[in-house]
Amino acid sequence: MVTAPVPTQHPSSTRNPRLLRDAQAGALVEAFVVIGILTILVTRAYLYATGFPQIGGATLHIAHALWGGLGMVVALVVVFSFLGALPRMVAVVAGGIGFGLFLDEVGKFVTQTNDYFFQPAVAIMYVVVVALLLVNRWIHDARQQTTAEDLVNAASTAADGLVRGLTPHRQAQARRQLRRAAASGVDPAAIASVEDLLSRCAPRRTGRLDTVATWLGERLSRVFDGTRALWIAAIALALFSTAGLVNAVVTLSEDLEGGTGTDITTIGQMCGSTVAFVLCWVAIARLRGGRIWPVRMLRVAALVTILLTEVFNFVAEEFGALINVAVGLSALVVFSRRIAVLERAEGRGELSE
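Using numbering that gives the first Met the number 0, read the sequence shown as starting at 0 and increasing by one per residue.
What the hints contain is simulated information worked out from the structure, not anything from laboratory work.
Don't take every hint at face value.
Unchecked claim - For each label pair, taking beta carbons as the anchor points, the in silico distance ranges come out as:
{"no.": "1", "residue 1": "Leu161", "residue 2": "Ser220", "range": "27 to 37 Å"}
{"no.": "2", "residue 1": "Pro52", "residue 2": "Val277", "range": "41 to 51 Å"}
{"no.": "3", "residue 1": "Ala24", "residue 2": "Val126", "range": "30 to 40 Å"}
{"no.": "4", "residue 1": "Thr213", "residue 2": "Leu255", "range": "51 to 61 Å"}
{"no.": "5", "residue 1": "Val162", "residue 2": "Leu208", "range": "50 to 60 Å"}
{"no.": "6", "residue 1": "Ala325", "residue 2": "Leu75", "range": "25 to 35 Å"}
{"no.": "7", "residue 1": "Cys270", "residue 2": "Ala191", "range": "54 to 64 Å"}
{"no.": "8", "residue 1": "Thr49", "residue 2": "Asp262", "range": "28 to 38 Å"}
{"no.": "9", "residue 1": "Val332", "residue 2": "Arg175", "range": "21 to 31 Å"}
{"no.": "10", "residue 1": "Asp195", "residue 2": "Gly289", "range": "45 to 55 Å"}
{"no.": "11", "residue 1": "Ser80", "residue 2": "Ala24", "range": "12 to 22 Å"}
{"no.": "12", "residue 1": "Leu40", "residue 2": "His60", "range": "21 to 31 Å"}
Quick caveat: nothing in here was measured; it's all calculated off a predicted structure.
Cβ atoms here follow ideal geometry from the backbone N, Cα and C, with glycine treated the same way.
Please put together the full structure from these sequences, using the hints given.
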């Protein structure tokens, strides 16, 4: 009896997601947002310094939101038309500038009077930026890279490297992705094909920008990962939370005494500052023990400050709230890095919860 041959089944032939994530995209989105923020700040500073000029003469006004839309269109056309890392960087810069110019005029789009100086506009910008960053992190951190994503990302890196060459960092990253894919049972022939492509990629020298970034990253790691940075960030966030709480309570008392009633902005500031105040001082009281949970409490306090309190601060103070955001973000970076250090120590059995 002759039986028909059964095709070999590989684990890689199992169902793969329709959408495959790009391993480089998270950093690109963050760069896009940072460029957008810088564009807003530069635009506001320029307009303030020049007396808010109008482009278009006596009868027309060409809003810079139009230039922002043009920048985003240019970014889309570039990534649709060209392959490789360089066009993507061009798209990030052009799109980020366009995004900033467009978002800067949000006040005109949400008011009947087209009010560029609409006070809550800065808070709206802040919410949009934070939401975009959160969605970006959720997309890339909610689950690990799948087998298919590891294979496709490595193949994409190899394809780009055939023409432009690969830096040692990109080469090593692609090979790590292939090792993970191989460990998950991907067809060895597919792995071998991508490895062959990688071996044919000419080495490319690390650029000056990459060298500076590596040097800066090493220096910042030494600064942010230490105990001193942890204490400075904790005390700074606690003091800012205390000052915010006191200011909100005083403002609310004055409003009630003056008969003007309560303001949702002040209540929001008070609620966010209260939560951060309690979390910070409780965590600081137990921080000397070297345990991980007080640092996690501090990170929650930083997140509450960034995601709740600062929204209301931007409504009340507009761009004056940037200092508070800088403190909250810096503290969040320090706490997150410290948690990573403690988790590694915990994994080695050097730390008890």
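Hint check results:
no. : hint                        : in the structure
1   : Leu161 x Ser220: 27 to 37 Å : holds, 33 Å
2   : Pro52 x Val277: 41 to 51 Å  : holds, 48 Å
3   : Ala24 x Val126: 30 to 40 Å  : violated, 22 Å
4   : Thr213 x Leu255: 51 to 61 Å : holds, 55 Å
5   : Val162 x Leu208: 50 to 60 Å : violated, 20 Å
6   : Ala325 x Leu75: 25 to 35 Å  : holds, 32 Å
7   : Cys270 x Ala191: 54 to 64 Å : holds, 58 Å
8   : Thr49 x Asp262: 28 to 38 Å  : holds, 34 Å
9   : Val332 x Arg175: 21 to 31 Å : holds, 25 Å
10  : Asp195 x Gly289: 45 to 55 Å : holds, 49 Å
11  : Ser80 x Ala24: 12 to 22 Å   : holds, 19 Å
12  : Leu40 x His60: 21 to 31 Å   : holds, 22 Å
Violated hints, in rising order: 3 and 5; the structure is consistent with all others.
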